[in-house]
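Q: Spelled out, the chains give:
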Amino acid sequence: MIYNHILIRYGEISTKGQNRKKFVAQLRKNIVTALSAFQNIHVKYTRDRMYIHLNGENHEPIIERLQQIFGIQSFSLALKVENELEAIQEAALEAMKEFDIEGKTFKVSTRRAYKQFPLDTNELNYAVGSHVLRNTEHLQVNVKEPSVNVRVEVRSEATYITCFDYRGAGGLPVGTSGKAMLMLSGGIDSPVAGYLAMKRGLEIEAVHFYSPPFTSERSKQKVIDLTQKLTAYHEKVKLHIVPFTAVQQAIQKQIPENYTMTSTRRMMLRITDLIREKNESLAIVTGDSLGQVASQTVESMYAINEVTNTPILRPLVTMDKTEIVEIARKIDTHEISNRPYEDCCTIFTPSSPKTKPKREKINRYEQFYDFETLIQEAVNNVETLEMTASSATNTEDNVEDLF
Amino acid sequence: MIYLDNSATTKPYNEVIQSFTKVATTYYGNPSSLHQFGVQAENLLSRSREQVAELLHVSSNEIIFTSGGTEGNNLAIKGVAMQYKSRGQHIITTNIEHDSVHEPFKQLEALGFNVTYVPVDSSGFVSPAAIESAITDETILVSVMHVNNEIGTIQPIEKIGKMLTNYSKVLFHVDHVQGVGKVPLSLADHKIDLCTLSGHKIHGLKGTGILYKRNGVQLHPLLSGGSQEMQHRSGTENVPGIVAFAKALRLTLEHAAQHQQKMQKIKAELIDKLSAHERITINTPNEHSAPHIINFTAQGIKGEVFVHALEEKGVFVSTTSACSSKRKKPSKTLLAIGKNYEEADQSIRLSLSGLNDYNEVTPIVNAIFTVIEDLKKVMR
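In order, the protein sequences belong to chains A and B.
First residue of the first sequence? That's 1280 in the working numbering, and the numbers climb one at a time after it.
First residue of the second sequence? That's 170 in the working numbering, and the numbers climb one at a time after it.
The shape of chain B in the complex, shown without the other chains:
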């Protein structure tokens, strides 16, 4: 089996699962309990927070543990909108965001907020100038993803952050879910106010993640109750998941340089071989794209059929983002960069992780070419 759907989710590291199991069986106290058993759990919690903060070069009180990317994005976007609505009701994002950003913006729009969806260019990049020209006196938030989950484009976060230093009222949220361990991002240097990370995209477990919230930024909580996570996220802390996240993040960042190099090499080789096929158009731009995502369109073959055909050969890929594929919506990003409905519907995403190997390239390419040969006879 060759697993190429790492942007949907990754295989958890064994060490991560071991940590989870040990904490879940041994340290199951509630961190808020007064007794020693609670204190142990609380210590694990604060230790995790410190480790995550240290790895991201921020302060530990800037880390909010969440249930993952969707919650982080929702908390950042709605939290800012609700907290600062008296300052203005205009919020900005792009038209290639993940649904967990896009939908909260839609919800806020329904509640009366003005939303600008800044379009990307034909390669899939948003320009800082376009964002700047959308800013008004009413703007309170800009949310831009770091690495696009469908075609892998790296957005100019540093430039946008720099531009936003001229607009002190505007907070900057970055969805970094696809970028962690793949494309370095400095939270402190790029004027990022909020940043979402997810555990299961970095060989951690589902239901874990963090939202980085710069000191000084206020958030209206989505979940109120027992005031956990410095009142930003009530609910008994998922201590085993949190410890597992801290470990997954450490391992991922420790391997980052080496894994990036490996993925980059596999990606280049795959693009090189695949693009030689007459029916294949590569949708991932050569420059400024992440080392782990390759998106292509196989002309005349529906993406969904392609996925199942490859599956029979033991190669696991996806059409668009996992969340959209189930609803059979064509890739939002491909439509945004000017592809037509058919091209978007015929697109395939291969997504790598550091666990993939260079010697998988040939079997992958062979499987793809064979599938195209088989299917082109029946599909027109």
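Bound-form chain A, shown alone:
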């Protein structure tokens, strides 16, 4: 492989005016962290492009990682050469040699950001194109539908030659939209909601409700594994595990059966909101999809949402289950979510939960009991795990040497 650089094109960031510097810096930070295993590479950025100098590192695993980083529109393997016509011609020829096969066509598109370069765009197209054409056997020119588009980018510091664009993940660099708390149940939807929130630049901290002995160690492990999957998009993801048994038992005792679900959700939201405040975040993300279950009707949302005016982001609200499952498969969480362990939402499910709960009623039911104390207790006893892209998937100690 002759390529020595990877050229990265930004997505929407290019349009972000004043904030641009911050966005680009965040993207660079995310890229550097994601690629920290590759010690020889060097990441450099200019106003509208980022360059990874490979310094001999194998590009294949790097490409794989880059495709998961939000904020990248597209990227290409590039050959960096000096701003000399001869060097440009030779490099283009070298890059095109692997495509020198019967039936392949090409064109040259020059982008001349460095206006001092002696040849203009058309002259450069011609000079490079004819050089390639003369020195290869099978290649033909086709400017309308070429099989390979040789892009020549002349910039002040150097010229970059690329032949193929990889699509990036799009979105905004994680961290540029601030931080949100993700309510992570262990089901199929919430990890997908987290992924989509991250896609729009949010950093995520997950909150999970754990009710031993009603829910098992395995259901907790499931959530740890799901959180681990999300670290593919951001190096560090915190997971707050809330001891929820006492609250759930109180609800079962205190609230009429058909309203227990509504109340449970309200308590979860109150607790999440307190954890959010502690962690200086400004929003809560949930995996609600309109009408999917009793708690996700507009009436339910209206009754549950009453407990906070923190913005609640619901990336899946208009999605069908099949669309959600498709993303879950893509981000490799579907199989984990399908592990058959009870979580705190399924264990106490009433036989017929209210699909149209009323605010007045739930408020009345809840007022006879001091939930506040239990909620504070739960918040105070939260266990926080910090998952990183490299942390092992199980929480056990000292098993590393077994493998």
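By construction, these hints were calculated from the structure, which means they are not laboratory data.
Hints may contain errors.
[To be verified] Straight-line C-alpha distance at most 27 Å; calculated DSSO-like pairs for lysine-lysine: (1) B:K545 to B:K442; (2) A:K1609 to B:K545; (3) B:K331 to A:K1383.
[Unchecked claim] To spell it out: a stretch of chain B is covered by chain A in this simulated footprint if at least three of its residues, at any positions, have a beta carbon under 8 Å from a beta carbon of chain A; those stretches are: (4) 210-219; (5) 402-416.
From the three backbone atoms N, C-alpha and C, an ideal C-beta is built for every residue, glycine too.
Given the coordinates of chain A, work out where chain B should sit on it, guided by the hints.
A: This is chain B only, laid out in the frame that chain A set:
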């Protein structure tokens, strides 16, 4: 002592035994138990599965832990035959397979399946064209070994896989037991649907192994019961053995490049020296053979006698595959490549591992030459 019977079994790595012992003593919970003790064992199990999958560049739900090569081959072959018999009842293999492939085919033949045993050429290679011409509308399975256990030939798995892409109904099973760590094989790239690996051939423990099963392929289980291993293989998981397998595979693949080079050098030197002897004919072809197997015939000397004579000199070799030698059957592979009964009966297999050393070459050759000198006087 010089151990040259690594195709029969290998010496387990110390680290592998340590893992086994630690898991067997500390984490003896049943992975299906609900309590924390079971969860620990389950975690070790899934961790092993992930590691094996990662090393083989496949998904973790494509790994079925088995008791070894024989079970893997049986599960693949009978599992496919039983599962897909309504699609057709013709199955194809070669005439140089290990008994754990050959015998299941025989059993299926007795149950009414049509079997084609595609012959190999005089060097021991099967041709993709010969397999293709055996395929009919009824064919559901082709099973070909990667590295032959008796003479070390490397079969053209990549070409067969490529050819089979034109036959969507035909599943492809590869017995990779002798190839792991010796001859690289890409499961994902070669259209392999099922692939058998064994632990004790790669410095792991007996009673361990895996069957790779590509996502989408269904198998009728051989063992039914508690639905372990995604319902493909019931029975409480051998967690210590499985962890040990994951470690053995990692160590083997980590050392693979370096060990291959070393074995290749020893093999070349042995072939060079041995072939100079007038009574020795090398049965392992020079090209397309694995770096760890050297098969030769010592004219006029029964293989079994040769093995014992070398044993007295501290060199451990075998006649044919270990499984066949005990039943005193001459090498199936040698007969298949056109050797006569006598030549096959007088064959010896030296099989190396990465633990052999280059400075063993001279003592090996000397021992072999001395034994021939001693025995040729008494054997005619």
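Q: Each of the hints needs a verdict: does it hold here or not?
A: Now for the hints, and whether the structure bears them out:
Taken as a hint, the K545 (chain B) and K442 (chain B) pair is honoured in the structure, with Cα atoms around 19 Å apart against an allowance of 27 Å. Proximity of K1609 (chain A) to K545 (chain B) is assessed by CA-CA distance (about 68 Å); at most 27 Å being required, the pair is judged violated. For the proposed pair K331 (chain B) and K1383 (chain A), the alpha carbon gap of about 24 Å is at most 27 Å, so the pair holds. Counting residues of the region 210-219 of chain B whose C-beta sits closer than 8 Å to any C-beta of chain A gives 7, which meets the bar of three, so the coverage hint holds.
For the region 402-416 of chain B, the proposed coverage by chain A is satisfied: 3 residues have a C-beta within less than 8 Å of a C-beta in that chain, meeting the threshold of three.
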